[in-house]
Each structure stands twice: as C-alpha cells, then as structure tokens.
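Engineer: From these two lone chains plus the hints, build me the complex, please.
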Amino acid sequence: MEFKSLKLSKKTTFIIWVFIIAFIIAAPSILPVFRLNLLGRYLSLAIVALGVDLIWGFTGLLSLGQGIFFALGGYCAAMYLQITSSSEFPNNIPEFFGLYGVDNLPFFWEPFRSPIFSLFAIWVIPALVAGILGFLVFRNRIKGVYFSILTQAALLVFFNFFNGQQKLINGTNGLKTDVTQLFGQMVGSESIQRMFFWFTALLVIAAWFFSKWVVKGRFGNILIGIRDDEPRVRFTGYNPVLFKTIIFSIAGGLAGISGALYTVQSGIVSPQFMTVPFSIEMVIWVAVGGRGTLLGAILGAVFINYAKSLVSEALPASWMFIQGGLFILVVTALPEGVLGWVQGEGPRNLLQRLGLKRKIETYPSLEIKNETEVLKNE
Amino acid sequence: MNKNTNSLLSLENITVSFEGFLALNDLNLNLKNGELRAVIGPNGAGKTTFLDVITGKVKPTKGEVFFKGKSLIGRKEHKIARLGVGRKFQSPRVFENLTVKENLEISVSTPKSPLNLINKKIKNDQLEEIEHLINVINLSKKINSKAGALSHGQKQWLEIAMLLGQKPDLMLVDEPVAGLTDEETDLTADLLKSLSGENTVVVIDHDMEFIRKLDSNVSVLNQGTLLCEGTMDTIQNDKRVIDVYLGRPEEQI
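As they're listed, the protein sequences go chains G and D. Using our numbering, you'd call the opening residue of the first sequence number 1 and step up by one each time. Using our numbering, you'd call the opening residue of the second sequence number 1001 and step up by one each time.
Warning: the hint list may mix true and false statements.
[What the hints assert, rightly or not] So these bits of chain G aren't anywhere near chain D, every CB distance computed over 10 Å:
| no. | residue |
| --- | --- |
| 1 | 87 |
| 2 | 99 |
| 3 | 106 |
| 4 | 206 |
| 5 | 278 |
| 6 | 315 |
| 7 | 341 |
[What the hints assert, rightly or not] Using 25 Å as the maximum straight-line C-alpha spacing, the simulated DMTMM-like pairs for lysine to aspartate or glutamate come out as follows:
| no. | chain 1 | residue 1 | chain 2 | residue 2 |
| --- | --- | --- | --- | --- |
| 8 | D | 1146 | G | 228 |
| 9 | D | 1059 | G | 230 |
| 10 | D | 1101 | G | 230 |
| 11 | D | 1076 | G | 230 |
| 12 | D | 1213 | D | 1190 |
| 13 | D | 1142 | G | 228 |
| 14 | D | 1120 | G | 230 |
| 15 | D | 1079 | D | 1198 |
| 16 | D | 1101 | G | 229 |
| 17 | D | 1101 | D | 1131 |
| 18 | D | 1079 | G | 228 |
| 19 | D | 1101 | G | 345 |
The hints are simulated quantities; they were obtained by calculation from the structure and are not laboratory data. Quick reminder that beta carbons are idealized off the backbone N, C-alpha and C, glycines included.
So that you can see chain D by itself, here it is in the shape it has in the complex (with noise of 0.2 Å):
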C-alpha cells in the first residue's frame, strides 16, 4: 500500500503496451491533495494513454495505481469514477441530442443506480447545483436548448461544469482550451486555478502560454516516462526538455 498519506494519486511503474509498442514505460507519478499539476508532452509521449490508465479505460500491462489509499488496476470505468476520479475529455465530449440542463443533471446525480432515475424526481440541493453551475459557465440563458447547438466553447465550457457537477476529488483535464478563444483560455485558467487547493487537478495541454498562466508545477513526458518535473521556469531551462520538445522554435506552439 500507499505509505505517502498525503498523495492522492501514485503511479508506479506503470507499463503500457500496445502489442509490443510501449506507450507508458515505467511510468512514476505522485499527486499531492489539492495540488494543481500540468502534464505537457510531444504527440505520442502518452499523456492520453496515462489517463486512460487512471480512469481504467486501459490496463496496464504492468505497475499500480493507487487513488486515495486504494488500487485502481482492475476497476471498472463507472467505478473508478464514484471513488472521485473525473476527467473531461480532449474534444468536449457532452451528450448533444440532451439540453444543457440534463446534461448536467446526469453529471450531479447521485446515486447512480437505474431504480434511482427512473422513480424519483431529482433533489432539491442537485438543482440547485445545477443552477449554480450553469451561472459559473454563463450559460443560463442556453439551459433548455440541446448541447448540439452549442458553440465549441461553449461545449468546452459545459463539460467542465459536467465535471464539477461530480464532485470528483481528482480531476483529470485533458486540453481544455483548444480551440477557444484568447479571452476564454484565460477565464479557462482562472477557473482551474481556483479549483485547485480543494480540488486535486491534471491539466493536460500543448498550449504553453495556458500553462504558464496555471503558475503550477509541470511534469514532462516523453516516450511514456516522466522526462523531469518541477516548475514552468526549471523546465524551461532543463536541457532535455529543451532537447525533445521546447527547444525547436519553428515547432513550438
């Protein structure tokens, strides 16, 4: 077991391979309570394939996973998510034949079992969540119109509150800003950084302004290892950093 107590989340030596292709190689990661931690890597360094692996979506073929105490390997995808664990996805991903308001009824009710939706109206507390969360993301005038007619940030917008309306304790963000706009990133940002101290929250991203505005601590990957972490200054500076991602202009993003 975890000895680290105040680590929400630890990976160790996670292996994953796709018939022979390593995406995760040996993969070690820590996650303090309340920490706000970006993860940036060239395409196919796997950073998808790592929250794959934490939301269960993939089974390493090696390591464990502990969240809170406990190991995820094995765990069902719906079951990793009622321990706490949410994660928004890279394109929005909400349910577009629903309205904005049922989208984010699915996200806050709980409990989840079928006997539970179909016989019993929604509580009060959860519409008011609800309500809550629709006023975070400036959306109460769209709140009965179908998330399909959404503008991309707007859809972008409504997933985060999806995520929220969980509650989850680990939060697992995957570029939630591409494609919005400048003026969105940095509402984007803000946003994350607020959630941080209460919530425990993985950024992922290409967009190296947007992690500069986390004012976070930045793992690195690279061929599916931690290639070094530390904070937006160090990593900059770190030779191999410099070597494998940031250090040619003309594909820097």
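Only chain G is shown next, with the shape it has when bound in the complex (with noise of 0.2 Å):
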C-alpha cells in the first residue's frame, strides 16, 4: 500500500463524482423528511467553514466572529421573506411588529421587498461588513490572538444590539420563516425544504470550487506568505491589509450565504446565530476536518454536526465533553486535522508503527527531519 501521495487519477475523481451527484439527487427519496433536513442544514454550514478555513487555514487569521456575519445573511433572508408574506397582517408589515405597537415599517425593511436586492444582500451586505470591519482592523496591524480577541468582542457587541431591538427585528425572539411564503408555498413545506436542499448541495460544490480557484495561484500563495511571514511579505512589495481584507470580506460573504440557507431550512433566524460557542464551534469543524484543506472544512462541518445531533439524541448533554475532547485530540495528536494527516505522513507513520510497514529512511528525508528539529531547537 502506498499513502504517500493521496492524488486520485482522474477516473476515480470521476466516479466519486458520479456517486456523490447521485446521492444529492436521490437523498429526498433515501432519507426521511427530518434527516434530509438536518443534512441540509449541515451542508449550509460547511460553506461558512470554507470562509474560516481561507482565512484561518490559509491567512492565518483566527477570526472568532464568524457568527455575526452568518447571522447577517440570516437576517437579510428572513426579512425578504416575512416582508413579502405580510399581506394579511396588519398595515401590511410582519406580523411581530403588532406586538410592539409599531405601525410603520422601519426604512430599511423597504429594500427587501425587492427578490433581487435580497439575494444580492444576502452576501453583500456581510462581505461588506467584515471588508470594513477587517480594513480597519488590519490597517492597524492588529493580528494574532488580539484579532481573536476583537473579533469576538465585535460579535458580542452585535449580539447585544440584535437582542434588544425588539421594535426593529423582533429581538431576542428572532424571524421565523417556516410559515412565511415562497413561490406561493410554506417555505416549512416539504417540496420547498426539498428544494432547498438540492440549492444547499449545489451552492456547497460551487463555493469549494470559488474557493479552491481563491488560493490556487499566486493570490492563494500570498495569503500563505502572510500567514508564515507577513513583514516578509511587505518588504517584497506587496500590501499585507489589501489581501487581508479581500479574503476577510469573501469570508464574510460566504458566511452570509450559509446563515441564509441555515436560516430557511431551520424555520427561524435569531440572535442565538451570534453567541460565542457557535462561532467557535466553525473554528474547531476547520481544526478537525484540517486546516487549509478546504476539503476538510467541508467534512468537519457536516459529520461534527450530524454526530452532534446522533449523539444528542442517544445520550443528551454528552455531547459538549465529546465535542471538547475532539478537540483536544485534534490540537494535540492531529495538528493538521484528520484529512491534513491523511494527506501527509500519517498512515504511513501508523502502519510503520504497528510494524505493517518496512521504514523508509532515504537521504533526502534524513536531511529534511535534521533541519526541521534544528528550526525547532532554535
């Protein structure tokens, strides 16, 4: 058996992609209603993850904010469709705004009424945030832990603000979109649900390749350089704040897109997007599946989140100390993630290991291991 290189040939590539467009085609028959549903949930938000793997895998930004900018396209989609389902409620607007005594629509619902404003919003609105978010924090060359640290006092202080406007957004309790109207249906129906799904599939495969085609080429090996040496990087010409805050922002725009389709296929948007555990937890489905990987981004979100959810069905509250210890196995036996030790020396190493397979020790591989322990020692 031979690990050491895992490049499939082009007709395995094809089959695997044979199998897994049949499966998305045909998963509406295979699985029951509220399996296909979380699946399709899961899938959404792999493509935030994609986001937090280009930025943290590849840029090395630790962006632990994430959730203000999914919750943003989560946001921009529920208003579309409470705003265009409000006919039979009062003063035609939602009906929540009842409840609070408001009679005129805040302005900036207005928009929304337009489809093709709000699917443009769904990932403008976001990128632009976090484009101007990330501009002003990179000019300062604010980076390391105290962009985590930012990053997460920003999420903070939009969760704070979306809680508490009751009057605007309904607040704490959030939009609900599953008794909302798409395309003269219940977007809660099964046939809407169903569609969405196949919309998730598709919208999943296009953002790994959008992001795969990101870092391929010299744009993707710049992001690298700032990662493992940013000034490096400046005194070879090239500004480290531009490329940040473009690969920030496309972050940002993908994390919309997956809170928008989160969002209709959950049947609600609510602050609850932007606590803190949930934008950690992007952070550690990227650290599992393999940083900079983008393959394993995708992986991590979708299996993490359904053993979440097979998990907490058979033993509840189990979860979290599962969760935690995945981690901690992570960080500490699997730097790279499961796909990034798949790729590398790793099955190779266990099958040397348990003496299945004969150590190859060449002289270019003596060479390579002397110097990164010399790197080490100094």
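Structural biologist: So this is what it looks like as structure tokens:
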C-alpha cells in the first residue's frame, strides 16, 4: 500500500463525483424528511466553514466572530420572506410589529421587498461589513490573539444590539421563516425544503470550487506568505492589508450565504446565531477536518454536526464533552486535522508503528528531518 | 532635496531612539549609483536598525532618508519596496510552505495588486526570469520542492534570487554568508560583485575574509554613528577601528 501521495486518478475522481451527484439527487427519496432537513442544514454550515478555512487555514487570521456575518445573511433572507408574506397582517407589515405597537415599517426593511435586492444583500452586506471591519483592524496591524479577541468582542456587540431591537427586528425572538410563503407555498413545506436541500448542495460545491480558485495561484501563495511571514511579504512590495481585507470580506460573504441557507432550513433566524460558542464551533469544524485543506472544512462541518445530532439523540448532554475531547485530540495528536493527517505522512507512520510497513529512511528524508529539528530547537 | 544627483541613497542626521537608547545617533551616509558598499561594526552598532530605517520598518526620531531624490520617511514598507529597495534578511526568510518556484513567482510578479494576482496568469517574461534565476542559484532540480526542505545554504541563495527577482535599484543584504561553507561564501562574494555596477548593493557582515573579497568601500558603524569609511586596507589601519572592533584578536571573527 502506498499512501504517500493521495492524488486520485481522473477516473477515480470522476466515479467519486458521479456518486456524490447521484446521492444528492436521490437523497430526498432515501432519507426521511427530518434527516434530509438536518443534512441540508449541515451542508449550509459547510459554506461558512470554507470561509473560516480561507481566513484561518490559509491566511492565519483566527476569527471568532464569523457568527456576525452568518447571522446577517440569515436576517437578510428572513426579512425578505417576512415582508413578502405580510399582506394579511395589519398595516401590511410582518405580524410581530403589532406586538410592539409599531405601525410603520422601519425604513431599512423597504428594499427587502425586492427579491433581487435580497438575493444580493444576503452576501454583499456581510461581505461589506467584514471588509470594513477587517480594513480598520488590519490597517492598524492588529493580529494574532488580539485579532481573535477583537472579533469576539465585535460578535458580542452585534449579539447585544440584535437582542435589544424588538421594534426593528423582533429582538431576542428572531424572525421566523417556516410559516412564510415562497413561490406560493409555505417555506416549511416538504417540497420547498427539498428544493432548498438541492440548492444548498449545489452552492456547497460552487463555494468549494470558488475557494479552490481563490487559493490556487499566486493570490493564494501570498495568503500563505502572510500567514507564515507577513513582514517578508511587505518587503517584497505587497500590501498585506489589501489581501487580508479581501479574503476576510470573501469569508464574510460565504458566511452570509451559509447563514441564509441555514435560516430557511431551520425555520428561524435569531441572535442565537451570534452566540460565542457557535462561532468557536465553526473553528473547531475546520480544525478537526483539516486546516488549509478546504475539503476538510466541508467534511468537518457536516460530520461533526451530524455526529452532534446523533449523539444528542442517544445521550443528551454528553455532546459537549465529546466535542471538547475531539478538539483536544486534534490539537495534541493531529495538528493538521484529520484530512491533513491522511494527506500527509500520517497513515504511513501509523502502519510503521504497528509494524505493518517497513521503515523507509532515504537520504533526503533524513536531511529534511534534521533540518526541522534544528528549526525547532532555535 | 538632495543636491547630489549621482547619489542613489543618502541618510542625513538619522537618529533612532528606542525609549532613550540611541540605536542610531546622527548617522550620515551616502551611496552612489552602482556602488558596492560593505557595512561592518560590532554587535549593537546599529547595522540592522540602519536597514530597518531605509526599508521603513523603523521610523527615525530625527533625520531624513532620500532615495532617488525622494524622501522615504513616512512611507510604508511595501511602497518603499516598490520604489526599488530590496532586502535580504539575516537568517534566510523564504516562504517555507511554498515551493522554490512559487517563492520566486512572488518576487518577480508585477504589478503587485491583488486583482492582478487573482485573475491573471504569470507573464511569460516573468517565467523566463524565474528560470534564469533558478539556474543562477543552481536549484533547477528542486524547483518544485518546498523551500522548507532546502538546506541552509540553498535557502540563503533562494532568498538572494528572490531579491534579484524584485529587480531593485538598491539591494540591502544582511549577513548573506552566515552559515555558508567556504566555497559557497566565495560564490556569494563573486555574485554580489558581479551585481554592482548595474545595481547598488549594501552588504552587512561580520566575516572579515568575506568583506575583503568584496573589494569594496567599507563603512564602519559604532554605537549608532559612522566611525570611518574607506577601503579595507585604510580601515584596517585606522586607529579608532582597531580600538573598537579589529584590535582585539581574540574576538576577531
């Protein structure tokens, strides 16, 4: 067995794709409605995870505030659905406004009557907010742990603001989408949900190819350069502020799309999307799946969440311990994540330790090893 | 503005104070176009701070730096680099997770805007430039291996090639032969000598044998100021230099 290169041949890749597409098309007929809905929701989370991988895995920016952009996308989608489904309610505005005695629609709701505006808003607004926030932070050369703390602080600011605005966006209760109408049907209905599942699967694949395109060439190499040695990038004539702002903005846009898809499939958006643990979980999915691998982010998001719901059904309250243990295991034993381990020397080392495979020590490998050891000692 | 049109770089009364400690103290230095200049000095003389000031990493407390007649003070690092100032660091700083070729791509690519990099392929003449550089540093067999897997000497050379790829008018080279074998040191000296004339090169080093091979003017820094300037023979016989630097044979490198 040769694990050294996990490059798949064209034929194998083709067969895998045929299986994936066949599964996506057939999933609604195979899976029970409840499971299909869960899978759709977890697939939408894979998109925000791709963004986390772009900024953290490739560029070294550990953001603990991706929930902001995720929630913004969700709110944009929910506002469109609520405003276009409010013709039967008093004043032709969403029902919840009546609870707080609001008769006039707040001005920022107006543009969400337009489906085209809303479709753009879902990713443009989060991307813009991320871009502005990122530019201010990166321009002042705030990085490392200070950047992480700052993003978490921003998350709390947004959380508290959204929580308190009953008269604008129903505050802590959030906006429900499952009882709204889309194409003349209930959004929560089986047929619309099935459509959303396919749409989500399609967008995950699109987001994956998009992310691969972003990191493929020289642009991606600069991102890696920024992660490994930012001053060196500056002295070569590149402005890291621009690159970081762009990639943070892209991650924000992906988070927005992800949040919108998650919202319409879970039936509600609320400030709960902006809690601290949820944004940290996004980082855990990527860490477990494999930083800087993109595919690892998708697999991490889907499998960890699926495991979470299966474990929670069987053993309620035990999931937090398992998730924590998983994170510790990855940090200590698999720093590259599961996919990083599989793609690297991991499987061969394991087989060697088990005595199933002869050790190969070629001269170049000795040279590399010594050098990394020297570097560590420095 | 700088009156001497022949001068590429001039530092005027540069003072850098780190919380009261004067890393550079009223330093004056002029470089002519095409000159090769060695800068030596004991530890803590301010050699690296001198490079930091030129490249924009450190803002001087006082003084002016002119490059091609333009003031560099207050410009960002990447802007200074684009004006034509290239820098090689003390310990080799290559991008270890990128291949040799990708490292060179980063250095030769222009324009350096994100949009250009994301949607355009690298130009053909830039690819040729990379091929040329790889042959110069003799790494054609390692073109697709990770820079992190190179030996120390190969990394030093890769970084010099990256510096060349930027096509800078002024090259600042900090200890290029640290950790190199004698043979590699000779090759490096030849390379740097061959660059001068067309390029202006500043070499900072401790290795006296190496500096002698460069056969260039030498500036001696001590405690943040310029102690003296001249050929290697002149400075080796200068009493002040002997006192602060060369005169203690047991410490001579």
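Engineer: All hints, please: hold or fail.
Structural biologist: Here is what the structure says about each hint:
1. 87: 44 Å, holds
2. 99: 47 Å, holds
3. 106: With a cut-off of 10 Å, residue 106 of chain G remains clear of chain D, as the shortest Cβ separation is near 37 Å.
4. 206: 17 Å, holds
5. 278: 30 Å, holds
6. 315: Given that every Cβ of chain D is farther than 10 Å from that of residue 315 of chain G, nearest at about 40 Å, it holds.
7. 341: Holds, since 17 Å exceeds 10 Å.
8. D:1146 with G:228: Between residue 1146 of chain D and residue 228 of chain G the Cα gap is close to 14 Å, so the pair holds against 25 Å.
9. D:1059 with G:230: 19 Å, holds
10. D:1101 with G:230: 19 Å, holds
11. D:1076 with G:230: Given pair residue 1076 of chain D, residue 230 of chain G holds - Cα atoms ~14 Å apart, limit 25 Å.
12. D:1213 with D:1190: 8 Å, holds
13. D:1142 with G:228: At roughly 21 Å apart (the allowed maximum being 25 Å), residue 228 of chain G and residue 1142 of chain D satisfy the hint.
14. D:1120 with G:230: 23 Å, holds
15. D:1079 with D:1198: 22 Å, holds
16. D:1101 with G:229: Holds - the C-alpha atoms of residue 229 of chain G and residue 1101 of chain D are around 17 Å apart, at most 25 Å.
17. D:1101 with D:1131: 9 Å, holds
18. D:1079 with G:228: Answer holds: residue 1079 of chain D to residue 228 of chain G is near 21 Å, not above 25 Å.
19. D:1101 with G:345: 23 Å, holds
Going down the numbered hints, you'll see the structure goes against none, and every one checks out.
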